[in-house]
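J.: Chain residues, written in single-letter form:
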Amino acid sequence: MPEQKVVDADYLLLEAPRERKFITGAQAMAEAVKRANVDVAIAYPITPQSEVMHLVGDIWAQGYLKDYYRAEEEYGAMSAIAGAVRGGARAFSATSGPGLLRGLEAIASWPGHRIPAVLGVLTRVVNAPLSIQPDNVEIAYLLHSGIIVLHAENQQDVFDFTLASFVISEMVDVYIPIAVCTEGFFVTHAKGYVNMTPEDMKLPPRDPYKAPVPPTDCEIPPARIQRDAPVQKSNFMSYLIHAVWQQEVWASNIRSMKYIYKYLGGPIEVVNPDAEVFVVASGCAAAQGREAVRYAQLEGLNVGLVKVKSIRPFPEKEIRQVLSKAKAVIVPEHNIIGWLAKEVKAAIPDNDKVIGGPRVYGGMTLPVELIMEKIYESLGIKKEKKVVV
Amino acid sequence: MGLEYVRISPGFEKYMPKDYVDLVQFGPFGKQIDVQQLGQFKELVEEHPMCAGCFMAYFVRIFYASLPNPEDTIVIGTAGCARLALSQAAVPFIYGNYGDTNAVASGLKRALSIRFPDKVKDVVVIAGDGGLIDIGFGMTMHSWFRREKFTTIMVDNEVYGNTGGQESGMSPKGVQLKMAPKGKQFDKINAVELAKTAGCVYVAKLAPTNPKRIAKTVKRAILAARHFGPTFIHAYTSCNIEYSIPTEKVLEDARKREKQDFGFYEWMTDEVKEFFEEIERQKEEVKA
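In the order they appear, the protein sequences are chains A and B.
Using this note's numbering, you'd call the opening residue of the first sequence number 1 and step up by one each time.
Using this note's numbering, you'd call the opening residue of the second sequence number 1 and step up by one each time.
Just so you know, nobody snuck in bad clues.
Here are the simulated lysine-lysine pairs, BS3-like style, with alpha carbons at most 25 Å apart:
(1) B:K259 <-> B:K173
(2) B:K119 <-> A:K66
(3) A:K202 <-> A:K21
(4) B:K119 <-> A:K210
(5) A:K342 <-> A:K327
(6) B:K283 <-> B:K212
Simulated from the structure, these hints should not be mistaken for laboratory data.
For reference, chain B alone in the conformation it holds in the complex (with noise of 0.2 Å):
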């Protein structure tokens, strides 16, 4: 159905909120958007309770600016921080129970295969280092392995940052914090290799610095998802709080370790790789 659910009956626009009525209006709903148009149109998320200075906050602001098909995508999140944003924005959201994000995903993903075969219907996940890669970690992995067709996107701020300030499997090894009083003990998960071994078919991992980029990488993993199998971004979102970045530095920080170890990485089968320029050799067409 898609943009028919966004519409609002005829006779009703002067009873809805001002805000439903701009966003269909002016919203992204049935159009391209480019993430270099922000600030130009009526986004999918506008007020959340992040903290100051929150790069989480800023990577999903990016997010739901670079839907390919945000009035047929539904959104799933976990306990954590980035679900403070996510729930308030435009697109249908589901919170489950703490790391169960990908089983949900899986069921949600095939219900909506059998109900509308011929539809375009994007599931993505957006959770933490917590959330996927510790509690989830089971789920997180067999989705993969059963090649379910949704996106998952790993919000890294390398800390339980939401129960307030937790050692989790990707925080750094030797950083210390609450129950690592003596300092993490182990090395930071290679989520990113997990995926490609687990079956992922689009791979890629970033520090959001360049918004261009991270637009072409969320489209690219939820188109590559919607047609082949299982897609995993790694994005790092540091917590400026439980590692003490002072606001205006939080860019700053993640150039540095944009530099160190969260150089873009972009990864993917053969087959999405012809699928995807075979799309550019498209778009050259057309421009031609």
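In isolation and in its complexed conformation, chain A is listed as follows (with noise of 0.2 Å):
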């Protein structure tokens, strides 16, 4: 293991050098764990995140983490992750569809708890019947409970994602936890080029001090510390407390908005800004939706990308701007519930314009063609159904 410097953050994320290597999505989300100067990682496992934690854990046999272990599952492995956090440690996990449900009674107990930590999520099927195959339903469960949700398109994404959800997590007026999710086999399995800063560089180590709640360690005054179930003391307390913590999580939420913008360029990411009919997607959808831009473009069609970063806190603001005059929205998913397209629907006035899908879902491939199929039907093109080259 090289000696690692401590950098700030700010450096880290936006002016170090950066080395272009060619790795998975599993590969990238270890290399910026192990550039994060995290404390301990919490494992348990599930295909297709096992890969992630496998390598995490490679990495703290190699010094880079103070502490790691196999939990008993996912329940445990979060409500650990979140007394460690309490204890003031930097902590990161990462799970996968089913294990995503198992843990989700902790995970959404982390953002009211204050628990600034990084969860990978690595998408797959939720059963039954049972697959193991990508599919982002997942995704879905997590948006109403008040943890930041990044949604990575490929290896890089990966990369700078989990990086930066450790710097934002931990900001004072952020202070919530942030999933960065993707798609798992598609981009955790695959191979992608990715710029990733100098090896021998970390972020500043978690100053559990710096927060808006202290850390449970006997180390700062009040005596009595108590954060949590404000039910025992009477239940008018109970009510008023837990509406008005309710709110901070949501605004907490919100603020992290610009720190999204400072170190990840913003929630969205538009290719083509004057188009007539977008293409609105997240992770490895949005990869296929900057492939049926280019299709639209080689046939001469005005189409434009919107991909979505950022799903909680969601840019409702920004998509809003860039639909404004489109005159037809699509929006490919790899679910079937298609949690973006309602998401877009409730951000902009006129809403009939959006056509929800294409959808893939049980790990089904997204093909191109599925995309230009609806950009045909938005723009009133009569096609044969034949492959486009």
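Take each chain as given, in its own frame, and dock them per the hints.
T.: Here it is in structure tokens:
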């Protein structure tokens, strides 16, 4: 293990030199963890997440992390993450599909407990029937938990989002967890080019006293510390505190937006802003949307892309603005329920122009041709069904 | 930091609540309090909303008077009756989700060990039979298998008291409770043997009839966890409401159960035994 020197977070994220590597999404996530000065990582096996946590285990064995263990199950893993973060440590875990759902009670309580942890979500089908293929329906379950949800398109995003998430989640005016989601297999097991910061540089350690709520470590006053369960004080206190606390969690979620601008270049990326038809997509679907824009260009059609990087906070204002003049909006997704289409429809006034789909699920791939069909349909172009090259 | 964090900054004494000032001046922080001094010092827990005659409230009171290092102790609880008092004590308390205590304690203790390798930071879980042996069973057992260095205390009232009196795995066989309308169909779970098998280095079982013995057991469980590994105390803390025990008969009931199935039991590894013998020897030397 090379000696790592602590560098300023802004320098590491925005200015540090980068080296290009051809690696998998799982490797990209572990490489980000390696540079994040993480204290504790807690793992529980599930396909396809396991690769990430194997690699994180390896870097712990090499000395990059201070502690690591395989937990009894996801509920135990996510609860232990909460304990470690309350104790002042910087912590990381990752999970997938059914594992996310098993850990969800703990995960959904992190924002309220003010736990600035980073969680990798390498999406897969939620049973039943059994499948282990990529399908991102599980992200829908995170959308109302208060957690910040980022959705990575490719290996580069996985690296950038993961590293930046440690910085953003610990900001005093944020201080809630971040889920970095990406499609299992399509991204985790496939290789792509990733420009990475130097291996011998890492983020400054977590300062648990730079916080809106104190760590539970018997080091700072007052002696009476209880951040939770106001129900035992009185019912009135319970209503009041819970209400105020929830408002604060969601306000924190929104306050993270300025850091998403600073470190990730904003919550959306727009290709061809003057387009007539837009494909709005997140994660892997954005990569296919990008291809659809290229196909359309070859055919002389005016099609653009809005890639949504941040699902929570959801960039309503930004999306509304980009889509204001669009004739049609196509939302391809890797799930049956169309959670992104619902978000987009709720964000814009003239939402009858939103075409929810194409949708693939159960782990199917998303051929660009399916998106092209919707583009033709929206432009009133009649085509014989054939493969576009 | 320990004591520093309870001390009031100079000039602020008159602005702090009386309760807090008393705690700093007359509380157990930084002192070696004997449980027999109860009533002569400001206790860590005073007000609580537990039922009149609740023996669990009594146990919790004795527990706080027994802490070897209250200024560097963190208590973790879960849904259930005990947390009603635990959350109001002058010791940091974590209330997570139901059944998660031993997982949270694992993460917390590891974080504290990383950040304060040369300091004593005691972590103690106090949860009920439901929290530890039913819903939190896997996490309780695995924290022991992993040899996590904290203390687990089960305040066993043999029922889900807080949710209205349902059967738990620790209810005795045959007892009729809610969700067991025909009586419980299987035996009370043998938590003590499970703890021994799972790797606890110190295991005790008691009915809280003797405060001095409770204090000694709590101190031993915390000290052994600090140095060696997981420790476990199984305490009978009756629910006088759901088991219809008249308030004035609560102690009598505990004595009866002590004779039946809650006789004082203490087991420890040879290593822990030697450790306590050494402490006793040193005490004798100081006396001499």
